[in-house]
Amino acid sequence: MEDGYLKIKEFKIEEGIIHVLDVNCDYPILNENYLNLSNEEINLFLTKHMEKILKDDELDLGQFCKEPEFILGVYRFLREEFSLIEVSKDISEKFFNILVEHGGGISCDLLFLKLKTEFGNALCMIKLDYMKNYIHKIDYVDDKMKIDIIPQYITLPSVSQRVNKACIFLRDSDDNFNLFFLDKSSTSVTKERTYFKDEFLNCERIYSNFSKTKDLIYFTEKWTRKNIKDDADKAFGIRELFKEKISNGDILNINSLAIDIFKDDKSSLESFIDFTEDNGIDGEIKIDKNYVLKKYERIRLKIDKDIDLYINKDSFYDINRFEVKRNGDGSLNMIIKYIINYNEK
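Heads up: the sequence shown begins at 200 in my numbering, then just goes up one per residue.
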């Protein structure tokens, strides 16, 4: 555990159950039976989704603004006084009402998993959004076989597809209660972005070294894209100096960082500080070194909207493999060197 931030790395799925939340119905369709975890394909499907959620950079630690109605059932479940069937049905009924009122009228399945982690027992709820797929349909018309292609709207996301909304309730070895939540949006609709965190969980994000480091990287890049559009040379200099500072420093002061990056460019300096402050980043930040190492292990470049380049960190900084040359007019030449093998895809 770093700065009070739990990072679940080990888990075992002990039980699972799924419920259907069809907003065209008056009530959720609630299951009375557990999933068959002895089925290897089902177990793998659940495990892969769980692994992706735990590794997602947008999985945040949260705290309740006001405890939701269903939370007493969660407490009882984590103390093994309540079954997974009981607690999942209770939560599904509450979530169904919120989904109908605030969720944009989109149906889904709710998956619940009982987990054993290195920290203690946990309950995970995963919202499985339906994916549009296509299947064949076989009919007989006038004694002739007719095979058509029809859309299917209730396909669950495969293990290669992302989950947008999930939450984990964890009881650790010290009997402390912890909340994690993942709240991504599949649309630009404000209502869809807020109902899970604000209406269902009624929680706020807890800022840790991990989340602050992640936010600093994200908003520095966002500021650079917004303010340095047609000067690749200047943008490259800002990005490289920022990476150097965040990779080598244990604690960064935002004002000092801005001065180091922008020096005498007072307009950019003030703009950067104002932008980061407006997004909740100010003062000193203790850098999560593990996240920085992971973030910059591979470098992805989007060049002039039509070229994508993926390079690992070692090759990017190896002058014999890759070189960036400044042309003096704001443009850059990026040179890949000494290629002995390549494939077309």
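If you're looking for bench data, these hints aren't it; they were derived computationally from the structure. Be careful, since some hints might not be right.
[Stated by the list, open to error] Cross-link-like lysine-lysine pairs, in silico, DSSO-like; alpha carbons within 30 Å at most: (1) K211 with K413; (2) K265 with K331; (3) K413 with K428; (4) K433 with K465; (5) K293 with K345; (6) K331 with K433; (7) K343 with K383.
Self-check item: Violations among the numbered hints, reported as their numbers in ascending order
Solution: 2, 5, 6 and 7
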